[in-house]
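Protein chains in written order, with my numbering: chain A, 1056 to 1690; chain B, 63 to 463.
Hints are not guaranteed to be accurate.
Derived CB-CB ranges, DEER-like [as the list claims (entries may be wrong)]:
id	chain 1	residue 1	chain 2	residue 2	range
1	A	Gly1277	B	Arg250	40 to 46 Å
2	A	Pro1657	B	Asp316	55 to 61 Å
3	B	Asp238	A	Ala1070	37 to 43 Å
4	B	Asp316	A	Asn1311	52 to 58 Å
5	B	Arg235	A	Phe1489	56 to 62 Å
6	B	Arg395	A	Thr1195	56 to 62 Å
7	A	Phe1566	B	Tyr270	38 to 44 Å
8	A	Leu1584	B	Lys338	53 to 59 Å
9	A	Arg1307	B	Arg250	28 to 34 Å
10	A	Asp1369	B	Lys338	54 to 60 Å
Below are the PhoX-like pairs computed for lysine-lysine, each with C-alpha atoms no more than 25 Å apart in a straight line [claimed, not checked]:
id	chain 1	residue 1	chain 2	residue 2
11	B	Lys322	B	Lys338
12	A	Lys1117	A	Lys1105
13	A	Lys1073	B	Lys210
14	A	Lys1516	A	Lys1463
15	B	Lys229	B	Lys374
16	B	Lys322	A	Lys1078
17	A	Lys1117	A	Lys1078
18	A	Lys1516	A	Lys1506
19	A	Lys1583	A	Lys1506
20	B	Lys281	B	Lys210
21	B	Lys229	B	Lys171
22	A	Lys1342	B	Lys229
23	A	Lys1342	B	Lys281
24	B	Lys210	A	Lys1105
25	B	Lys231	B	Lys374
26	B	Lys171	B	Lys231
27	B	Lys231	A	Lys1073
28	B	Lys374	A	Lys1078
29	A	Lys1105	A	Lys1073
30	A	Lys1463	A	Lys1506
31	B	Lys210	B	Lys171
Examples of chain A residues lying across from chain B (beta carbon under 8 Å, computed) [said to hold, decoys possible]:
id	residue
32	Gln1075
33	Thr1421
34	Lys1424
35	Tyr1425
36	Ala1484
37	Ala1588
Hints listed in this document are in silico derivations from the structure and should not be mistaken for laboratory results.
Don't be surprised by glycine CBs; every beta carbon is placed ideally from N, CA and C.
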Amino acid sequence: MSASTLTPEIPDIAAYLKAQERKSLLRFLTCGSVDDGKSTLIGRLLYDTKLIFEDQLAALEKDSRKHGTTGADIDLALLVDGLEAEREQGITIDVAYRFFATDRRKFIVADTPGHEQYTRNMATGASTAQLAVLLVDARTGIMTQTRRHAFIANLLGVEHCVLAVNKIDLVDFSQARFDEICAAFAALTGHFSFTTAVAIPISARYGDNVSTPSPHLGWYRGPTLLEHLETVPVDKGNTAQPFRMPVQWVNRPDANFRGFAGTITGHRLRTGDRVVVAGSGRQSTVKSIVTYDGILAEAGVGEAVTLTLADEIDISRGDVLASADDPPQYADQLAAHLVWMSEDPLLPGRPYLLKSGGKTVTASVTTLKYKIDINNDYDHLAARSLALNEIGMCNLSLSAPVAFDPYKNNRQTGAFVLIDRLTNATVAAGMVEFGLRRATNIHYQATDINKAARAALNGQKPVVLWFTGLSGSGKSTISNLVEQQLFALGHHTYLLDGDNVRHGLNRDLGFTAADRVQNIRRVGEVAKLFVDAGVIVLVSFISPFQAERRMVRDLLEPDEFIEIFVDTPIALCRERDPKGLYKKADAGLITNFTGIDSPYEPPETPELHLQTAGQSPEQLATRVLHLLRERHLIR
Amino acid sequence: MGKDHGGLVLSTEGPARERPPHPVMALPAKTGPVDLPFQKSQLFDSLRGRIVNRWGRCADHDPVTMAPTTPDAKGAPGRWLRCLAVTAINCICNKGRRPVPVGRSSHLKHLEDESIFIFREVAAEFRNPVMLYSVGKDSAVMLHLALKAFHPSKPPFPLLHVDTGWKFKEMIRFRDETVARLGLELIRHTNPEGLAQNINPFDHGSSYYTHVMKTVALKQALTQHGFDAAFGGARRDEEKSRAKERIFSFRNEDHSWDPKNQRPELWNIYNTRVLKGESIRVFPLSNWTELDIWQYILAENIPIVPLYFAAKRPVVERDGMLIMVDDDRLPLRPGESPTLRQVRFRTLGCYPLTGAVVSSATTLTEIVREMLLARTSERQGRAIDHDESGSMEKKKREGYF
């Protein structure tokens, strides 16, 4: 609480403020193995740039005594380990964002966790970073973690890479050791496309060569770490790339003004430039670039602006305005890298939400081409699924086309996330490699005889009766009875039974979650064809996952899918055990058995909920027919 | 079921929002003919609320430092603010002279662009957003950025002020002036049960008082209005647990935060999906620091509560803090008697819980200079963070902003 006085440190506030206008911004991340000292390095940078206040220092001293790992010294790492659990366990769990500034630059630092189980957090930090500081312990040199982190940084498009050879004090400031690590680093970065990659020896704990040159490193001629961070050239995004602006929001204060709000990526835009709406191909000219601070003649990468166009053309959120000479690709099938971020594995065939720019569509992985073994020479391994923290290359099929650029050209229009439709969790980060052209060559063939005509000839309304429930719950028995009665009434029906279909169409599928998803996807498509043929389809499948049942529902018209939950307690199913499967599963002879070691997700709002306990199959079948009559689906 | 939010209609049903036309206002006769893509009257109207403008030239103030250059230009900051306002309006209609806002390539411009993107994303994707307006400097910056994000429209959401009943009088006055000037809708909420029980910081302690009058009150207001997104002015540099919070921070039906189960946040692709009853707290100032905030206020001449400027104020020294005697509800302890001291506030909350600092900084430039020399962080002035270092994380889990 001291009164402010002018000190010689800041002689001229006006000059200071003027200099601030030229101060640039660098976003970087720190990563490395568990005990390489990432948090300590950031603590050191904050401390050296005088960003730690007295009260924070007092709190730090208190915390150091409680949780510190540096004996009597202040543990700088505790400055950045923000969550209680992290301070207690002495590890960094989540990405922490930290800020410091010098006279030349403001820095936003993403401190990312070292443990393999937090690879997703490192990818998160890398997604917005322009530079990556990889830490290694001078004693151990480049490790598996370093290789993985270099790979992720490169995959996420980080431009610059710095290898900070930390704890150089513990190898007696040895030049030979440093040179050895440098050679290994050069071999490593040979794989990648970083614009710059340099190695710098430091001691984060004692401050050697972090912000001031170390007297112990006389043999080292390069810049200190901070000097390098201050001077590395940062292109503000991809200015060499063509102009793009994903439309975020349409600004309509009244009938006279219609502006398209968004943030520019790629090349500068000037009033009078020709732009095109990606996909539709409609073109116009930029009439004005409107901001709160006035009308601009031009605007560049990263600027949030509102554009008005000379022509009235239909543009809404999710559209991408682009340079008319060089528009982005537009496709509904993409090849992309995925970093899987969810505890629940990727299931090819399962529909997820894909968000890119302002657009959200449904997407599923049609082919998982390979996963990448980031620990061993980045080999491509065959895979049927991606688990948490795994990285793979896949083909995706989207419910509607999107405008995009390859990620290596544009980090904004080439990126997307996948979101789970039921939990709303963000499950993957995606980077587009290229669009698949084959999609554009397959069109629907319009046929003269359509679903309505076929249904009319059959004298019925085609519909899918989807029976779901545990093995032994009575699905097959009930559906069989229902079909008999429909047949007797003169209806055209077909029964798709899980076991029967697995003998033919789906004989190549097993019982893993990934195969179960594929199993249901195929049966859903077959059911849809039958409905198109005007037939009432009965589907009797365990179909344990909500997401796939919903996927089939979405394939059909709103009133064509009737979900019937055959609800039998597992104890009763086990007692019945018509095929002896529970006995085998309990004996460990069958794995991935629903209800035992594979989950069943009961429907939340089925059209019909049949609680079978104490009811005869005939009674239950009657209830199904009753529902169909109620809905005027049968005679 | 559209609600009238002071000139804006906010629909609670869908994203489509119809706005009535702006009221027409006469322009000063001396404004020359201009070629604008919209009516001048609207432009003027949207500017009407702005007292100041950085690129307006003022005859008797330095354009960079805002220091008086003529003897009669001295006085309260409001003087040069008003002085600039007139030139500002003329300037925007002059298309040929492009304004030079905060250095076009500077870090502040970068932060501004990022915040604007966040505002627009929320307006586009949420059904019923609201902005928490706490009247402090961070709220002032947030509001300024919101005006920029949607210009020439007004921000398409109301402001919400959780009023504990113990805010500084000057804050309330400033709040009411601001919303009136900008023509925005303000929703005020005070916890009715807390009010009935006269929950106050003296009899119930700062921790319980904060819980009832701030955290619970905030949750009541959010639930009552069914807001699915709420902007807050929190910054990651404020406190350690905030350093790890997402920009779009998910809250469950009880409005609580689960730090171990946060959605990964990559690039600027924000996952805005929530189920009914769940919500997202959005922090457009996440990447700003206290110094950035002050530099931006200076560069953009953003109006702030006068309490931030040093003046003679009645204070008592208590538990190492200087507490301002804002009204006669402050019970004086034995031996305490208010003395007039030259103080200002680095952070504003409820007056009995917010400490003043001794200062002679009466202008924004002096505040920035003081900031550069500061050796304590701003939250030091707040009683609520003092308990232990994990206390903010605990409050946030419970639903505090």
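Now the hints, each set against the structure:
no., hint, in the structure
1, A:Gly1277 / B:Arg250: 40 to 46 Å, "violated, 59 Å"
2, A:Pro1657 / B:Asp316: 55 to 61 Å, "violated, 25 Å"
3, B:Asp238 / A:Ala1070: 37 to 43 Å, "holds, 39 Å"
4, B:Asp316 / A:Asn1311: 52 to 58 Å, "violated, 45 Å"
5, B:Arg235 / A:Phe1489: 56 to 62 Å, "holds, 60 Å"
6, B:Arg395 / A:Thr1195: 56 to 62 Å, "holds, 59 Å"
7, A:Phe1566 / B:Tyr270: 38 to 44 Å, "violated, 55 Å"
8, A:Leu1584 / B:Lys338: 53 to 59 Å, "violated, 36 Å"
9, A:Arg1307 / B:Arg250: 28 to 34 Å, "holds, 29 Å"
10, A:Asp1369 / B:Lys338: 54 to 60 Å, "violated, 32 Å"
11, B:Lys322 / B:Lys338, "holds, 22 Å"
12, A:Lys1117 / A:Lys1105, "holds, 19 Å"
13, A:Lys1073 / B:Lys210, "holds, 23 Å"
14, A:Lys1516 / A:Lys1463, "violated, 51 Å"
15, B:Lys229 / B:Lys374, "holds, 19 Å"
16, B:Lys322 / A:Lys1078, "violated, 35 Å"
17, A:Lys1117 / A:Lys1078, "violated, 35 Å"
18, A:Lys1516 / A:Lys1506, "holds, 10 Å"
19, A:Lys1583 / A:Lys1506, "holds, 11 Å"
20, B:Lys281 / B:Lys210, "violated, 28 Å"
21, B:Lys229 / B:Lys171, "violated, 32 Å"
22, A:Lys1342 / B:Lys229, "violated, 47 Å"
23, A:Lys1342 / B:Lys281, "violated, 45 Å"
24, B:Lys210 / A:Lys1105, "violated, 33 Å"
25, B:Lys231 / B:Lys374, "holds, 16 Å"
26, B:Lys171 / B:Lys231, "violated, 33 Å"
27, B:Lys231 / A:Lys1073, "violated, 36 Å"
28, B:Lys374 / A:Lys1078, "violated, 36 Å"
29, A:Lys1105 / A:Lys1073, "holds, 21 Å"
30, A:Lys1463 / A:Lys1506, "violated, 45 Å"
31, B:Lys210 / B:Lys171, "holds, 12 Å"
32, Gln1075, "holds, 6 Å"
33, Thr1421, "violated, 22 Å"
34, Lys1424, "violated, 22 Å"
35, Tyr1425, "violated, 22 Å"
36, Ala1484, "holds, 5 Å"
37, Ala1588, "violated, 37 Å"
Consistency with the previously given hints fails for numbers 1, 2, 4, 7, 8, 10, 14, 16, 17, 20, 21, 22, 23, 24, 26, 27, 28, 30, 33, 34, 35, 37, ordered from lowest to highest.
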